[in-house]
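Colleague: Residues per chain, in single letters:
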Amino acid sequence: MEEMEEIRLEALKALTVLVIHDDQFRRQVWDDLEGTLSRYGFALNERELAKVRDFRNAIADSVDEEVVGGLTTSFR
Amino acid sequence: MTNPGAFSEVGNVESKIASIDKERRRERGKRVFALLDELVLALPVRPGYRKLLQTHLGVGKDLAQKWPEMSSIQLPLLVHAAITGDEMPALPVAGACTLLYLGADLFDSIVDHELPPSWRTRDSSQASLAATTFLGALPELSIARLQEKGTPSAKLWTLARLFADAGLTMGAGQYEDLLFPSLQNVSIEDSRAMAEHKSGAEYALFATAGATLATEDPSTIEAYASFGSCFGIAQQFINDAQDIWGDGSGRDLLNGKRTLPIVHALSTLRGERRERLQKLLRASRESTEHHDGVRTLLAEAGSLRYIVLLVWLHQQQARTQLASASPSEPAGRELYTLLDQASILPHFRASQIAD
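Protein chains in written order, with the working numbering: chain A, 9 to 84; chain B, 16 to 370.
Hints were generated in silico from the structure; no laboratory data involved.
Check before you lean on any hint, since a few could be wrong.
Pair by pair, the computed Cβ-Cβ distance ranges are [claimed, not checked]:
(1) 18(A) <-> 129(B): 21 to 31 Å
(2) 58(A) <-> 130(B): 45 to 55 Å
(3) 55(A) <-> 163(B): 45 to 55 Å
(4) 22(A) <-> 202(B): 38 to 48 Å
(5) 55(A) <-> 341(B): 18 to 28 Å
(6) 345(B) <-> 22(A): 49 to 59 Å
(7) 58(A) <-> 49(B): 26 to 36 Å
(8) 341(B) <-> 18(A): 11 to 21 Å
(9) 198(B) <-> 55(A): 21 to 31 Å
(10) 16(A) <-> 41(B): 51 to 61 Å
(11) 169(B) <-> 57(A): 22 to 32 Å
Even glycine gets a Cβ: it sits at the ideal position worked out from N, Cα and C.
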């Protein structure tokens with residue numbers, strides 16, 4: 009059941025490499041998610057894109073204070 | 016039309032499931048520590064030395080009470096159950112993982128000068144001796160309990176080798192952790208590699224040990240190893256962020272650690288702001304009064320959001336790896352729940368932490 013909801017591993021690994029190594033990608037992906045992914049050659053399907061979009065929106069909606077608030081109730 | 020009552024019913028069901036999960040986790044913790052109590056009690060050693068080991072088992076028990084999600088207990092048992100439907104045979108493996116975890120944790124505490132209260136009245140050389148025993152001798156003795164249950168010698172050797180390999184990789188990660196403060200330039204990749212060696216290897220061991228006992232299938236074992244590694248890396252980044260922004264924060268700043276938020280900010284900021292951060296980092300080793308200045312510059316660099324992104328990417332990789340192993344229920348659902356809790360964003364975690 010869970011299997012159908014996941015983002016392909018290859019896409020996640022490629023995203024992780026870019027986020028770690030590519031300063032430009034890091035900056036552009038916040039401002040223009042879909043354009044940046046497309047320029048870097050990602051062909052995510054609708055379901056995968058929706059998941060990435062949901063996460064990006066969740067970050068955009070959170071101010072740092074909210075994130076920090078979450079950390080104080082986090083666990084090890 | 017939407018029925019608001021339906022939402023509250025769903026919320027109640029989720030809350031009940033979360034509460035049952037938490038109780039199950041506590042029960043697992045009790046079973047593992049009962050085994051470890053018995054193991055230490057049976058050791059042919061002087062009472063004083065036994066007491067030393069029991070002191071740290073007590074620290075572990077307190078920790079498991081406060082943090083029932085303790086991965087060294089949950090992962091081996093749940094992974095075994097996700098493959099075979101039964102978690103009980105993996106109890107000695109979970110015991111071994113917990114001993115290794117407690118040894119590494121004690122070693123970390125010694126290095127960071129933050130020993131738990133029950134160790135503070137003792138000489139630090141005694142803590143070192145206990146850490147060495149927890150890391151080097153006790154896990155194998157817990158694994159040896161499997162022999163009594165008829166586990167073949169070849170599997171026991173495979174498990175012993177897993178622990179040795181993981182211990183070596185974790186040691187390499189610890190070495191990098193100690194080395195980085197003295198280096199001029201540490202890259203984001205260096206920092207990620209350290210997290211992979213330190214915590215990725217540890218969580219990979221917890222998952223792989225359960226899988227190795229449960230199956231001979233290499234692709235299943237590999238999927239759980241990758242799941243554990245990504246889960247551990249995500250958890251390390253959360254801990255790094257928590258140390259700077261969370262409760263009881265600042266130990267890493269006092270110890271001059273080059274954790275990912277710091278490395279990201281140093282890689283992102285330029286000119287005067289970068290110099291200012293470096294100056295504040297030096298001053299932060301002497302006093303906590305400079306820590307807010309560091310946090311301000313980290314915010315300007317977008318370091319917290321960067322950590323949130325990297326945690327999410329590793330968490331998603333762990334989900335995909337877990338899905339590829341097709342875990343059986345109900346253990347599979349519990350593994351997904353544990354993983355979902357490893358998120359920094361509060362509203363991503365809120366629905367998972369209901370208790």
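Colleague: If a hint holds in the structure, say so; if it doesn't, say that too.
Modeller: How the hints compare with the structure:
1. 18(A) <-> 129(B): 21 to 31 Å: violated, 41 Å
2. 58(A) <-> 130(B): 45 to 55 Å: This hint holds: roughly 48 Å between Cβ atoms.
3. 55(A) <-> 163(B): 45 to 55 Å: Check passed, 49 Å falls within 45 to 55 Å.
4. 22(A) <-> 202(B): 38 to 48 Å: violated, 19 Å
5. 55(A) <-> 341(B): 18 to 28 Å: Roughly 19 Å apart at Cβ, these two residues keep to the hinted range, so it holds.
6. 345(B) <-> 22(A): 49 to 59 Å: At roughly 33 Å between Cβ atoms, residue 22(A) and residue 345(B) fall outside 49 to 59 Å, so the hint is violated.
7. 58(A) <-> 49(B): 26 to 36 Å: violated, 46 Å
8. 341(B) <-> 18(A): 11 to 21 Å: holds, 19 Å
9. 198(B) <-> 55(A): 21 to 31 Å: violated, 42 Å
10. 16(A) <-> 41(B): 51 to 61 Å: violated, 37 Å
11. 169(B) <-> 57(A): 22 to 32 Å: This hint is violated: roughly 47 Å between Cβ atoms.
In this structure, the hints that do not hold are numbers 1, 4, 6, 7, 9, 10, 11, in rising order.
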